[in-house]
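A.B. asks: First to last, the protein sequences are chains X and C.
Residue 115 is where the first sequence ends in my numbering, and the numbering goes up by one at each step.
Residue 1610 is where the second sequence ends in my numbering, and the numbering goes up by one at each step.
If you are wondering where the hints come from, they were derived from the structure by calculation, not from laboratory data.
Where is the CB? At the ideal position from N, CA and C, for every residue including glycine.
Hints may be right or wrong, so weigh each one.
Claimed, not checked - Facing chain X, a subset of chain C residues (Cβ under 10 angstroms, in silico): (1) 1097; (2) 1195; (3) 1309; (4) 1355; (5) 1373; (6) 1412; (7) 1415; (8) 1424; (9) 1502; (10) 1504; (11) 1530; (12) 1539.
The lines below spell out each chain.
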Amino acid sequence: MKDFGFTVIKQRTIDYDQFDGRLLNEILESEPSFKVCLSCGGCTATCSAGDLVSFNIRRLNLMLRRGETLELESEIQKCMLCGKCQLVCPRGINLRNVIMLIKKNIGKYKPAQVR
Amino acid sequence: MKFPPSFILPFTTGLLFIVSFLIIIVGVWISELSKIDKSRIWANIFTTKTLLAIHETFMESLLHRKIFRKNPVLGYMHMSLAFGWFLLIVVGHLEAWQHYQSFGVPVYKAIFMRYFVTQPTITLGGKILAATMDLLLVFVLSGVMLAYYKRFNSKTFGMKKTTQLKTGDRIALTALWFIFPLRFVAECVSAGIHHNGSIISQPTGNFLASVLPVQSMEMPLWWAYSCALGLFFFALPVSRYMHIPVEVVMIFLRNYGIKVQKRIDGYSRIQIYSCSRCGICLDSCQMTHAAIKDTQSVYMLKHLRNRKITDEKLFNCLLCGKCQTDCPVGLELNNLRITQRIESTKEYNSSYEYLKTSKVASNTTTEVIYFAGCMTHLTPSIIKSMRGLFEIANVNYWFMDEEKTACCGRPLMQVGQYAAAQKLIDSNKERIIASGAKKLVVSCPICYKVFREDYAIPGITVQHHSEYLLELMADKRIPVKKTPIKVVYHDPCELGRGSGIYLQPRLLLDEYADVIPVRNEKEKALCCGGSLANTKIQMNERNQISEKAVEEYLSYKPDVLATACPLCKKTFAKSRKLQVNDIAEIVYMAIAEPEKVEEKIESVRKTAIV
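Isolated chain X, as found in the complex (with noise of 0.2 angstroms):
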């Protein structure tokens, strides 16, 4: 990588030669009311299973924005489906669709080193 002489962190880097964007591809596609999220964090609070466990809905766009298929994997389970994030979703996102649409497809993109 280039030395432009800032400080890099490794961990908040996104390494585009092996970024893997088909699932996001794929959910934005089949679910586009999830392109307009403005991560406001309102499904986030109002979170069932936020209550018991720590679990952050906001950080499942992130991580599935940065192709960290592996993280998204094991977080998703944690979803009880209940839909109270999607009643307060200011912009009308069908979270409960998002949901099931990464649970359906994150098996086709896990990295290939673990599958």
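Assemble the complex: chain X is given as a structure, and chain C must be docked to it using the hints.
C.D. replies: Chain C in isolation, oriented as in the chain X frame:
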């Protein structure tokens, strides 16, 4: 031995084909039933249930009583075709047996009797039978004429929409349209030549003989009639008319107590094939208000039959159950959809390892467990009202899901994740049993349904808060206080059609407000559009559905739209055109905050005038 004429071949091969096909396929389906279901058949086959099934077959498959209730003209059309055709076959055989004085007459001789029997009948019995046959044929033809007319003008029959046909349906439909007119013309032409007709066919035949070369027409017409019959039989398995034989099997199995299971088995296939694609479910479906027109039950069953179901269609349904109430065949449409959803999502059920049960110390003084439900947490005024009412009634209650409680599991079940839901059920169950209480009061109909049906905790009564408050009122633990608020009560799908609770909320409301009856209520109640069962519908589409329902409710000019479900409340509240309150709020307001009642009525009526 004299060979029969060759024109009977299309009919005979068609009949042989369809009979053997049906025996094989029904045999396969029945063999796919679970052991319990098979034993149900054996246990009930020699009981009165068989007689009930025969009665139901007669009333529904032949007379089409349920379609009559929907629309008399539509009912007449189905009855004349089904019952008329049935009688034609029966009376036709009686006539053939009477003529040949034998029960061993081949089927084709009865079906094509006017071709084979060229002498006019002389006995009185024969004359009566022949006249009956003529009248029956005219009866069936009247149905066929109505069917022609319905294809082009379905509104006359009380149906706004009709289903799209596929190739197999078109072939079978065309054949069906031609069978009876061809039979009539063929019989008339034969009567014109041989004078073997009866009251209607003979005069018509005489007329035809006077204007047409009937001698050369007879053979082609009988050929055409036989071909139409044969074509219908061959097209039957790939058309919607498969419902005619399969529905009868379904009615018998249903009477023996067999139901759609949580997995795809022979009975669910029988139900899928029993759909006549009449399209009555299209009219009752509120999804059409949001211009969603290809996911209704009739299309789901069609896609299931053709094994072309997609998640987009399968999950785009509110599971409100309106179609199930209207279905003239009585199919378990919601269960069939859920069974398919289980199949579609079985690969990725979560295990919820984090649900380590936090043990609750048994408290013998706890009278009631209160479970508000996730949705109720988004409508805090319902919780506030319930807390207030518990206090007024001096109930020792435990607010189970005040914090750190798993969801009831029903939202997962609605999308087919039964295995995942079971983990949540187990976790909640343990805490409920540990509490030692004998009663569980639930504010959300979604939770209510799952607690009542799937938790099965011995010794615990599950009540929706409308039932519970009614009980408190009857025991005089909360005061009765009638207010002049005019309300329309909206039946939540999961409470009404889902759990059969129609009466209690109305009895309760009657004591605290003035309930206006509406046209679409109880079994016919509208859905608010907010249902969690639909994962595909977009927010704007939901809004269209609820707006349409709001419009209907507004026409009754209520002060308040009362409901018994937090999700319905939240969905309707978005509209801002009317005030929405839960039953608990109305009761609490009447008892504890009478000044708010005045305010509410005043504000609503003032804006209504402006």
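A.B. asks: State for each hint whether it applies.
C.D. replies: Hints, one by one, checked against the model:
1. For residue 1097 of chain C, the interface hint is violated, since its Cβ never comes within 10 angstroms of a Cβ in chain X; the closest pair sits about 61 angstroms apart.
2. Taking 10 angstroms as the C-beta contact cut-off toward chain X, the hint placing residue 1195 of chain C at the interface is violated, the least distance being around 71 angstroms.
3. A distance limit of 10 angstroms between C-beta atoms decides the matter here; for residue 1309 of chain C the minimum to chain X is near 15 angstroms, and the interface restraint is violated.
4. Given hint, residue 1355 of chain C at the interface with chain X, holds; its Cβ is 7 angstroms from that chain's nearest Cβ, closer than 10 angstroms.
5. Taken as an interface hint, residue 1373 of chain C checks out: its beta carbon lies about 9 angstroms from the nearest beta carbon of chain X, inside 10 angstroms.
6. With its C-beta approaching chain X no nearer than about 5 angstroms, residue 1412 of chain C sits inside the 10 angstroms limit, and its interface hint holds.
7. Proximity of residue 1415 of chain C to chain X holds as hinted, the smallest CB-CB distance being about 6 angstroms (cut-off 10 angstroms).
8. Satisfaction of the interface hint for residue 1424 of chain C is found here, the shortest Cβ-Cβ separation to chain X being roughly 6 angstroms, below the 10 angstroms cut-off.
9. Hint status for residue 1502 of chain C relative to chain X: violated, with the closest Cβ pair at about 25 angstroms, above 10 angstroms.
10. For residue 1504 of chain C, the interface hint is violated, the least distance from its beta-carbon to any beta-carbon of chain X being 26 angstroms, above 10 angstroms.
11. Interface restraint check for residue 1530 of chain C: the shortest CB-CB distance to chain X comes to about 8 angstroms, inside 10 angstroms, so the restraint holds.
12. The closest approach between the C-beta of residue 1539 of chain C and any C-beta of chain X is roughly 3 angstroms, which is under the 10 angstroms cut-off, so the hint is satisfied.
When held up to the earlier numbered hints, the structure conflicts with 1, 2, 3, 9, 10 and fits the remainder.
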